[in-house]
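S.K.: Chains as they are written, first to last, in the working numbering: chain D, 1 to 269; chain A, 1 to 269.
These aren't lab readings, by the way, just hints derived from the structure by calculation. Heads up, the beta-carbon is just placed ideally off N, CA and C, and yes, glycines get one too. Watch out, some of these pointers could steer you wrong.
[Stated by the list, open to error] Straight-line Cα separation of at most 20 Å, EDC-like style, residue types lysine to aspartate or glutamate; simulated pairs:
| hint | chain 1 | residue 1 | chain 2 | residue 2 |
| --- | --- | --- | --- | --- |
| 1 | D | 161 | A | 237 |
| 2 | D | 144 | A | 252 |
| 3 | A | 189 | D | 156 |
[Said to hold, decoys possible] Here's a subset of chain A near chain D, in silico, CB distances under 8 Å, partners left out:
| hint | residue |
| --- | --- |
| 4 | 112 |
| 5 | 114 |
| 6 | 150 |
| 7 | 178 |
Number of protein chains: 2
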Amino acid sequence: MIHVVKATGETEVFSADKLQRSIHRAGVPDSLQNQLLIHIQKRLYDNITTSEIYRHITEFLETSHPFAKSKYNLKQAIMALGPSGYAFEDFVSEILRTQEYQTVVRATLNGNCIAHEIDVVAEKDNKRIMIEAKFHNLSGTKTKIHVILYTKARFDDVKQKNNIHEAWLVTNTKTTTDVIDYALCMNLKVISWSYPEGGSLRDLVEKSGLTPITSSTVLSLNQKQTLLENHIVLCRDISNNPSILDLVVLDEEKRKEVLSEIQFICTKT
Amino acid sequence: MIHVVKATGETEVFSADKLQRSIHRAGVPDSLQNQLLIHIQKRLYDNITTSEIYRHITEFLETSHPFAKSKYNLKQAIMALGPSGYAFEDFVSEILRTQEYQTVVRATLNGNCIAHEIDVVAEKDNKRIMIEAKFHNLSGTKTKIHVILYTKARFDDVKQKNNIHEAWLVTNTKTTTDVIDYALCMNLKVISWSYPEGGSLRDLVEKSGLTPITSSTVLSLNQKQTLLENHIVLCRDISNNPSILDLVVLDEEKRKEVLSEIQFICTKT
Numbered sequence: 001m002i003h004v005v006k007a008t009g010e011t012e013v014f015s016a017d018k019l020q021r022s023i024h025r026a027g028v029p030d031s032l033q034n035q036l037l038i039h040i041q042k043r044l045y046d047n048i049t050t051s052e053i054y055r056h057i058t059e060f061l062e063t064s065h066p067f068a069k070s071k072y073n074l075k076q077a078i079m080a081l082g083p084s085g086y087a088f089e090d091f092v093s094e095i096l097r098t099q100e101y102q103t104v105v106r107a108t109l110n111g112n113c114i115a116h117e118i119d120v121v122a123e124k125d126n127k128r129i130m131i132e133a134k135f136h137n138l139s140g141t142k143t144k145i146h147v148i149l150y151t152k153a154r155f156d157d158v159k160q161k162n163n164i165h166e167a168w169l170v171t172n173t174k175t176t177t178d179v180i181d182y183a184l185c186m187n188l189k190v191i192s193w194s195y196p197e198g199g200s201l202r203d204l205v206e207k208s209g210l211t212p213i214t215s216s217t218v219l220s221l222n223q224k225q226t227l228l229e230n231h232i233v234l235c236r237d238i239s240n241n242p243s244i245l246d247l248v249v250l251d252e253e254k255r256k257e258v259l260s261e262i263q264f265i266c267t268k269t
Numbered sequence: 001m002i003h004v005v006k007a008t009g010e011t012e013v014f015s016a017d018k019l020q021r022s023i024h025r026a027g028v029p030d031s032l033q034n035q036l037l038i039h040i041q042k043r044l045y046d047n048i049t050t051s052e053i054y055r056h057i058t059e060f061l062e063t064s065h066p067f068a069k070s071k072y073n074l075k076q077a078i079m080a081l082g083p084s085g086y087a088f089e090d091f092v093s094e095i096l097r098t099q100e101y102q103t104v105v106r107a108t109l110n111g112n113c114i115a116h117e118i119d120v121v122a123e124k125d126n127k128r129i130m131i132e133a134k135f136h137n138l139s140g141t142k143t144k145i146h147v148i149l150y151t152k153a154r155f156d157d158v159k160q161k162n163n164i165h166e167a168w169l170v171t172n173t174k175t176t177t178d179v180i181d182y183a184l185c186m187n188l189k190v191i192s193w194s195y196p197e198g199g200s201l202r203d204l205v206e207k208s209g210l211t212p213i214t215s216s217t218v219l220s221l222n223q224k225q226t227l228l229e230n231h232i233v234l235c236r237d238i239s240n241n242p243s244i245l246d247l248v249v250l251d252e253e254k255r256k257e258v259l260s261e262i263q264f265i266c267t268k269t
C-alpha cells in the first residue's frame with residue numbers, strides 16, 4: 001500500500017480517486033486526464049510527499065498544457081498573496097461580494113472596552129458578520145486555537161455596540177481539530193482551506209471563479225507584488241480592464257501572453 | 001535636548017535620573033556609579049539608541065567590575081530563556097512560588113468546549129489563577145491585543161469547571177496600550193516588563209532575587225541551553241546545588257569562576 005506524506009507531516013493512504021478529482025478540478029482537458037494519471041502513478045513510491053506529486057503534475061502540464069498549470073496551483077497562488085495579510089483580506093471580501101454580501105475591509109469598530117480593526121465586515125439581509133481573515137504563507141501550517149479564541153473575545157466586545165450577529169474565521173490553511181470543536185460549541189463559523197465540506201475556501205474560490213493573479217505563471221514575482229500593492233488581487237480585474245497591466249513593464253508579446261493566460265485561468269470549469 | 005531611540009522605535013527625552021536608577025538597580029557599587037554616569041554622558045548624542053547606551057555601560061563594566069555586567073543585563077537574560085517558551089513558564093512559576101503561591105506548569109484543564117493547556121495555574125488562600133505566560137525573544141516586540149483577547153476567551157471557557165477566579169497575562173516585553181485598556185475593562189491582570197509600576201516583571205524579579213542562569217557571562221550559550229533543557233532556570237538552583245554544573249563540561253578553574261559569578265548575581269541588592 002502506498003502512503004502519501006502531507007505538508008503537515010501527516011500520512012495518508014494514496015487515493016487515485018482523490019488525485020483524479022484534483023486533476024479534474026484543475027481544469028485539465030478530459031483528453032489529458034488519463035494520461036496525467038498514468039504519468040503520476042508510474043512515479044509513486046511509499047511515503048512520497050504531496051509536494052513531489054505536485055511537482056510531477058506541474059512538470060507534465062508544463063509540456064502538455066501550459067495554462068492548466070496556473071489553474072492547478074490554486075493553493076500555492078493563495079499562499080503567494082502574502083507576505084502581508086492585506087491581499088487575503090481583499091480576496092475574502094471579493095468572494096463574499098460574489099455571494100451578494102456588502103463588505104468593508106479593515107473597518108475600525110468600537111467595542112465595549114476598546115476599538116478593534118475588523119478584517120472584513122459583511123452584510124446581507126440585515127445580518128452583519130465580522131470576519132477574521134487569517135493568512136499564512138507557509139504550507140503545512142495549521143491555524144491554531146488562539147485565533148478562534150481571540151475572534152470570540154473580539155466578537156463579544158463589539159457585537160452589542162455594532163449590531164454584529166455572527167463571527168467567522170476564514171483561513172487559507174487547515175485548522176487544528178480544537179478550532180472546529182470550539183467554533184461549533186460557541187456557534188462561530190470556520191471556513192478553512194478544506195472545511196467545511198462543500199463550503200471550504202477551495203470550494204468557494206472554485207464556485208466563484210475568483211482566481212487570484214498570483215496564479216499566473218507568466219507574470220514575474222515582482223510584477224505580481226506590484227499589482228497586489230495596488231490592490232489588484234483577481235485575474236478577473238485584469239481580464240475586465242487590461243489597461244491595469246500598465247502598472248508593470250511588459251513588452252507587447254509578453255502582454256499578449258499574460259492576457260491569454262489570464263483569460264484561460266479566469267474561466268470557470 | 002538629547003533624545004533616546006528605544007528598541008520599539010519610540011523616542012523619548014534622555015533622562016539622567018532614569019539612567020542612574022538603572023545603574024543603581026544593576027548593583028553597580030556606589031563607588032563606581034558616578035564614574036559610569038560620566039562615562040555615558042560623554043558619549044551621548046541626539047537620537048542615540050538605547051542599545052548603544054547599553055553597550056557603553058557593559059563596556060565600562062567589563063573593565064571596571066566584570067560581575068556587575070551580568071546583573072545589569074537582566075532584560076537580555078530573560079530574552080535568552082528562549083527560543084521556546086517553556087523556560088519562561090518555569091521562571092514565572094518560580095517567581096510566584098517566592099510569593100507563596102502553589103503552582104503547576106502546563107496543566108491541561110477541560111473547559112466547557114475544549115481542553116486547554118494552561119501555562120501556569122497558581123493557587124493561594126483558596127484562590128485559583130490561570131496565567132498565560134507570553135514569551136518573546138526579540139527586543140522591541142510588544143505583546144499585542146490578540147494575546148489578552150485569547151486569554152479572556154480561554155478564561156471564559158475554563159473558569160466554571162475548574163473554579164478559576166482570575167486570569168493573568170505575564171510577559172517579558174512591553175504591551176500595547178490596548179492590552180492594558182482591555183485588561184482593566186475586563187478585570188484581567190497584566191504583568192509586563194515595565195507594568196504595573198512597582199509590580200512589573202522587572203520589579204518582581206528584582207524583589208525575588210531570582211536571576212535566571214542566562215545572566216551568566218562565564219557560561220557559554222550552549223552550556224546555558226543544556227541547563228535550560230534540564231529545567232535549570234535559576235542561578236539560585238546552581239548556588240544551592242553546585243553539582244548541577246556536572247551537566248556541562250567545565251574545567252576546574254572555569255567551574256570556580258562560574259560559581260563565584262553565580263554567587264554574586266544571586267545576591268539581592
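S.K.: So, for every hint listed, does it hold in this structure?
M.R.: Going through the hints against the structure:
{"no.": "1", "hint": "D:161 - A:237", "verdict": "52 Å, violated"}
{"no.": "2", "hint": "D:144 - A:252", "verdict": "48 Å, violated"}
{"no.": "3", "hint": "A:189 - D:156", "verdict": "19 Å, holds"}
{"no.": "4", "hint": "112", "verdict": "7 Å, holds"}
{"no.": "5", "hint": "114", "verdict": "5 Å, holds"}
{"no.": "6", "hint": "150", "verdict": "4 Å, holds"}
{"no.": "7", "hint": "178", "verdict": "5 Å, holds"}
When held up to the earlier numbered hints, the structure conflicts with 1 and 2 and fits the remainder.
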